[in-house]
Amino acid sequence: MTAVGKGIARLDARAKVTGKAQYAAEVPVANLVHAVLVTSTQAAAKVAVDVKDAEHAPGVLAVLTHHNAPKLPGAKTKTGPVDRVLQLLQEDEAPYNDCPIAVVVADTLERARAAAERVAVRYSSGGVQTELRERLAEAYAPKTAGPREPADSSRGDVPAGLEAAFVQIDATYTTTNQHHNPMEMHGLTAVWQGEQSLTVYDTSQGIFGVRKKLATVFGLAESNVRVISRYVGGGFGCKGSPWSHLALCALAARVTGRPVRLVLTRPQMFSLVGYRPRTIQRVVLGADARGKLTAVRHDVTSETSRLDEFSEPSALQTRMLYACPNVATSHRLVRLDVPTPTFTRAPGEATGTFALEVALDELATALKLDPLELRLRNYAERDPHEDKPWSSKELRRCYQQAAERFGWAARRLDPGSQRDGKLLVGWGMATATYPAKQSAASASARIDREGRVLVQAGTQDIGTGTYTIMAQIAADALGVPVDRVRFELGDTSLPETPVSGGSQTASSTGSAVQAAALALKKKLLALGAPLRAPELDLRALDAWLAQRTEPEHRAEARTEEKAERKRYSSHSFGAHFVEVKIDADLRQIRVTRCVSAFAAGKILNPKTAHSQYIGGMVWGIGLALLEHTARDPRNGRVVTRDLADYHVPVHADIPELEVIQVHERDPYVNEIGAKGIGEVGITGMAAAIANAVHHATGKRVRDLPITLDKLL
Amino acid sequence: MRDFDYVVPKSLDEAVARGKQAEHRFIAGGTLLVDLLRLDVERPAALVDLNAVLSERISWAPNGLTAGALARNSDLADHPDVRRELPALSQALESGASPQIRNLASLGGNLMQRTRCAYFRDPGVAECNKRRPGSGCAALEGYSRMHAVLGGSRACIAVHPSDMSVALLALDAIVRTRRSQGGREIAIADFHALPGETPQVETALEPGEIVTEVFVPASGFSRRSAYVKVRDRAAFAFALASAAVALELSGEKIATARVALGGVATKPWRALEVEAALLGRPPTRETFEAAAKLAANGARTTPHNQFKVELARRVVVRALERAAA
Ligand SMILES: Cc1cc2nc3c(=O)[nH]c(=O)nc-3n(C[C@H](O)[C@H](O)[C@H](O)COP(=O)(O)OP(=O)(O)OC[C@H]3O[C@@H](n4cnc5c(N)ncnc54)[C@H](O)[C@@H]3O)c2cc1C
Ligand code: SF4
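Protein chains in written order, with the working numbering: chain A, 118 to 829; chain B, 30 to 354.
Some hints here could point you the wrong way.
[Said to hold, decoys possible] Quick list of in silico lysine to any residue cross-link-like pairs, SDA-like style, CA-CA up to 20 Å:
1. Lys827/A / Pro332/B
2. Lys539/A / Pro332/B
3. Lys485/A / Val284/A
Rather than coming from a laboratory, the hints here were simulated on the basis of the structure.
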């Protein structure tokens, strides 16, 4: 009767496709009014805002600007390393383009929009600096790479390793801005109950972070702020931290004394909720004649805003992915007049594996060695950075199974040697990797007299299948069929869990859910419930429950990383094998085939896991070939402001994506044996495609995205 | 978006009269206009709905195709006579937008579509001569990867984005219109305007003038025509460069050639020099390559859109190969 491991369809799917699922900006609330943000058209500017016209527009209840917005003592406070500095109309400044400078509240959305168009703004702007390349001299070392890791690392002696090398590769790779662009735009409904108590319906990957932020900004007790986020139409990182519009909507609700709804427009999604920063990455490799790495250097420079620090940790995987005695990495940041970047699916690894795995391909080319063979020769049998054994690592099997399925052995070594009529054919591969993380989480489980099980944890389902896998975990732990279990999430009044980011929900919240269900089972067994048999007799259990006097039985649990786990290093791994076909004349690039294999510990639900993997791979195709946010250097304004100009892949860009889920048992990583699967799929993908493009054409493109003009 | 009136005229004449009034805009499928309303680029006082006064009819006769201005892009593309007799037109329509948009978009609206210049579509940008005459052009020194290399001026380098119009140009189409003085015919080559000093003037139409139908003559070359479009992704994207070509062969030689370019010019662009270089030559790759070298003669490029010169040549070769095949 085990539910875990079964490909159960998402339990929330029916509600979503029938329109029953209510999103944050749809929740019916009485007396509701609407807010619209006015954003700046200049960066690094002082602003003077004239609202006379807007204030007199029909239906307008309030126009907030820095002139009249209440002072918020907590406006600038950062509540933790992943929190962001917000712009809440406290100053007469627009540090970046499209920065919030006014909030218009009106009785209908249309009237709020119409009034917002009447807000007049005067700017006095000095110089604007938005070009990373031009400001490299200002690069500085951040405190950390990503929220926690040291910015620099060094083991062995890189210069000596290079000295000893038979071949060297020294190349610079660049990646561009990407925006998450979930289908559901950020939006919320804010409702005050008096002066001291606030309820917010938000679309969020981390409701407890939102609660903390709102409490801090408005000086409230956390217990007086409730955040509800039952359905999230995609996040990919941009809904992981609270952003300015959130607090501004709550502020508008407080000022007007009405419940207020605010939804960002698609153009606003390009400046108000973070993005993947540009990176410039230099990779230096040395290897002996047989391809054994003798030295690796990976130096990353990325951008951040003048307000806040976000460091894209693109060299982290370079520290641990291959066995090499001499490795040095560094991360540097440049402050620009841009909004603050943020986590974007596989922050660091998505862009970092592009540089590292293309560099390895260049090394393989230089050595006339098969790129897969090169990776096998440098296979890390233990984590060389932390100097620990892996908790599990089936990467070798990933390589083998995906290569075999793809038919990699038939690959010709020479670039440009495979053709299909007018099309140049290229095959490329790369390694995928993402760390397995776990944070403290809690959950509760209860069973009533009718045998209905309710499991609760505050966590979010960002479309990944959390509703489903948590029900599966709880059902197995308790020993009941999965259709007996209802899982509730997305509410800060439920037990606290971490942000749905960093591919850690299954491991963190899953462990807590399992522990809560086990604790409930223990309680029931102690009371003599007939739950022990390997084959559960449901009727006996129901009869037993029905004759009990308690209305329900309940248990709670809190879990965190096991002490034992610290002795191991835990990562998900995978391998991509990709075919591209490129029109010999027109240079249009199409990915025509892709086989990827992943090992990520226990797979709780192969169906939802498959969706996560292919979702990551689709993003990888976007990262490699299409996605690019263009910013006008004269004023820092995003030029590609909608989904017609910002290209994500369409169906026609995506071939059949074949995924192999390699069996992997991990007794150490956490109680449920699952690593993360949400992000590993995108890692390595851009490199595999870039390597295939090189194999097809002989041209090495080191600058993403690889658009056809770079191949002409 | 601001409040506006919505007018349903009872006759074509009433539509013309309404359309002449200040800040009145015609609406057909609305796929473009509603977008511009929402972006606050268009701020009409009233919309005049053409759906009740124009025809959707598509009919083929031995002398050519007549299509009502309301003919939907999808119906026109999929019409068996169009597919057979005017393949470039069918292919051009099918390469545009998405099936959903094509189902709604009209022939007249497609001809009249506005540029996709991102600066034009963003009212947060002050400089755009097309949107605010005399304000300057943000694209000239800005991000101009999608912009025109042909037909631009100091005032504007916005591309005319219509695929269909490029095919119509290669096929010598005639646009029939109605204005207060009555009907008239405008050759497609004269229909779209170069930006010059007045980029806000985009067509030969007078205020209130309505496109009523389009006529595409059957000719010695219309059947042997093809449209090739190169874009960043596989579908649902505007052209980086495109070419509509049509050939008439006589024996082993090219007797007539039509070559029109899209995605690279401020209006659908006839490459007359390429056509001349093809005449009297055999339809071979060598001929095509030699002629295509002239495709972007006179191009003025920016660092961002320079690649379009070479791409235009290659897309012309590919389209000629298709048509000749
Ligand atoms: C996301 C997207 C992608 C697109 N991609 C492409 C593409 O790849 N290639 C391409 O060619 N096009 C593309 N288009 C444009 C599309 O072809 C046009 O939006 C469509 O053809 C407009 O037709 P409509 O009937 O909806 O026009 P409307 O929006 O109704 O009107 C458009 C304009 O034409 C005027 N007008 C309409 N009919 C008449 C008439 N009979 N007489 C005089 N004036 C008239 C209107 O006043 C208005 O200014 C795309 C559009 C969108 C939204
Ligand atoms: S190119 Fe034309 S449409 Fe674009 S900004 Fe310049 S004037 Fe406006």
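Which of the listed hints are broken here?
2
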